[in-house]
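Visitor: Following the hints, complete the assembly by docking chain B onto the known chain A.
These are the residues of each chain, in order.
2 protein chains.
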Amino acid sequence: MADGFIVPPSLGIAGDRETAEKILSQIWGKRGVFTCTVANTLTSAIPGVSDAGDTPELTLFTPAADAELLVLGRTVCMKGIPINPGGIPTPATLTQAALNLSGMQYHIINAGCKVVPNIPCYDVGGTYGEAITCGHAVPDARKLYERGVELGEIFSRDEDYLIISESCAGGTTTAMAVMMAMGVMTENLVSSSSPKNPKELKSRLVAEALKAAGTEIGGLADDPLKAVECVGDPMIAVNAGMIVGASKNVPVIVGGGTQMAAVMAVAAKMDPSCVGKFMQGTTRWLVNDPNSDIVKIMHDIDPGIPIVYVNMDYSKSPYEGLQAYEWGYIKEGVGCGGTSVGAIISSAGKVDCDTLLDEVHRLYKGILGITE
Amino acid sequence: MADGFIVPPSLGIAGDRETAEKILSQIWGKRGVFTCTVANTLTSAIPGVSDAGDTPELTLFTPAADAELLVLGRTVCMKGIPINPGGIPTPATLTQAALNLSGMQYHIINAGCKVVPNIPCYDVGGTYGEAITCGHAVPDARKLYERGVELGEIFSRDEDYLIISESCAGGTTTAMAVMMAMGVMTENLVSSSSPKNPKELKSRLVAEALKAAGTEIGGLADDPLKAVECVGDPMIAVNAGMIVGASKNVPVIVGGGTQMAAVMAVAAKMDPSCVGKFMQGTTRWLVNDPNSDIVKIMHDIDPGIPIVYVNMDYSKSPYEGLQAYEWGYIKEGVGCGGTSVGAIISSAGKVDCDTLLDEVHRLYKGILGITE
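Same order as they appear, the protein sequences are chains A and B.
Okay, so the first sequence: first residue is 662 according to this note's numbering, each after it adds one.
Okay, so the second sequence: first residue is 662 according to this note's numbering, each after it adds one.
Isolated chain A, as found in the complex (with noise of 0.2 Å):
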């Protein structure tokens, strides 16, 4: 069946394209179910880390906030809606582009929040993360891990396909130490949702992190929730337990960008089992960052888990807060990519790049019109 499948031009296909074709023709035009999940780690309020928020104290509104604007099309914890500064708004626009346009059930999960959205949430007793400069940065990793398989099976059931994805701010730096910890990556190599990247800076927060936790690149190899629970966040324990969970019955899609490497590299590591059965789904924003190298980063993780990504194009938008997109702000979150690529696929390619971009442009009138 792979072989007579034809990827249409609104995707594109890096890395493993003999599994990504395979997942892709075994989904096509099949019914799948979306899940967002949120925490917080304090790493994102070290000034410089994240800007995913206006100020490092508003990073820690941007999960909730990007949870409420999903469920209820408005925020109810901060007003308005997440921007960057300079007003770009939160990926989350594209999500809820996709998720109109495909009519999929989406749910959110709080692996642990500081700030709670103010919706019914799936709960699995986490508590936000501590900076990870602590050197124990998450102490009930495994309990999270547990939970998130319990969740992969649950959403998985009745399901063709379920899509994972994140919102934590200051994610980039966590999925950094907790890949850095498990010596998948030994050098800086992840993105931001600024194109100027604070590399310097990260990479000295991880030192220490991985200082403070007594160890050192490699150093946790062969123990990936321990990687976790010492450098990471709630949002990676979770959702890597539920890729283990669900994989067992459904193909999933993990959605996002250099979080989510750190998401599939426990993931793998935990059981091995489970790749070939997932795929990365993200934008053609994160795969041609300068500043970043998704695909070298999931290549050195495993070269058996490819990575799907929606050509979706800003430049051409009349807004210059989407036109941002395009000069390397943002590229990633919320599962913007991975509800895209499910919007394409459940629709059989009915849904394209072209009617995806003027759902955006229907709902970001909505937001200007809203917070004007």
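Check before you lean on any hint, since a few could be wrong.
Note that the list lumps identical chains together, so a pair holds whenever it fits in one copy or between two copies.
Claimed, not checked - Taking lysine-lysine pairs in the DSS-like style, the calculated list, with each CA pair at most 25 Å apart, reads:
(1) Lys887 / Lys872
(2) Lys804 / Lys740
(3) Lys872 / Lys860
(4) Lys857 / Lys957
(5) Lys740 / Lys887
Since the hints were derived computationally from the structure, they do not count as laboratory data.
Guide: Positioned in the frame of chain A, the structure of chain B alone reads:
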């Protein structure tokens, strides 16, 4: 379509047959999702009120244990499975059987538990209910109702129908209090998990509760959420919202007995437009109960709400614990009637009372093995 629809022998209908057949023909052979809303009310710990647990204190563990049993296939919060005095198993065994045969996806919602299940649950920010005799049992009833509406919207997206249900020991007493405060019930017609329905005690407690709330029979006819706030439990508020939120999109099967009657009374009063879009899904044991009158209860709430029940019969079962259902024990709970009706509907009749009984026996043997 309803004209041509033939109700299979595994199902029975009471009340508005036309609406029942309309809904049945609409979702026959279609895909549904099951939810069970668990909560505690300290009312169950009043000695003599509830038999849903070996002792008054253990009744507080029953909802969490039922939820763990459904999701994990075993209990964590207590040893063995929830039983009534005499070793009669929780109705969750029938619920499990129906879920196994239907393959339906299912989710647990924690409306407010003192004993929280050790599994991933949907959280609505609720806390356990106080004993209704205090007159202010559920302070956040409106918030819980609104979260319920959101949950109903979430679970009705991309589904053909929704089944809601409950596990809340002591719930027939809180249900009676709410229905009396609303004036839809003027005499004690509610059921009990014991054939020795402690009617006098329940009536006395309800009278005490109404007095403590400064109201009387029918005193809160126009304010159903106030009735829940004063003398109800958290489950009623959340599930009533779910009916209102989901029935806008898809038909709803309200799985349960007299406890769910209060839920339907609140929903029908909050949004009369939902009547005609949901039906009660229950068991032959409840409909035939000589110590309660669900048909009159539902007729008094609204003649437009039909009852569809599964004709399960444990009289030929070799197990006394199951035969006891025929002697008036348990009768309903944990959505056993609603999931059975749903399994028959989604399988277009391939699942019937015989296949359900075989699966119950298979599970019950396992339980005996575990608890021996």
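Visitor: Next step is simple, just say for each hint if it's right about the structure.
Guide: Results for each hint:
For the identical chains of this complex, Lys887 and Lys872 are intra-copy neighbours only, at 14 Å inside a copy versus 56 Å across copies, given an alpha-carbon limit of 25 Å. Taking identical chains as interchangeable, the C-alpha atoms of Lys804 and Lys740 lie at most 25 Å apart only when they sit on different chains, with a minimum of 20 Å there against 34 Å within one chain. In this assembly of identical chains, the alpha carbons of Lys872 and Lys860 lie at most 25 Å apart only when taken from the same copy (18 Å versus 67 Å across copies). In this assembly of identical chains, Lys857 and Lys957 lie within 25 Å of each other by CA distance solely inside one copy; the values are 20 Å within and 70 Å between copies.
For the identical chains of this complex, Lys740 and Lys887 are neighbours neither inside a copy (37 Å) nor across copies (31 Å), given an alpha-carbon limit of 25 Å.
Checked against the numbered hints given earlier, the structure breaks only hint 5 and satisfies all the rest.
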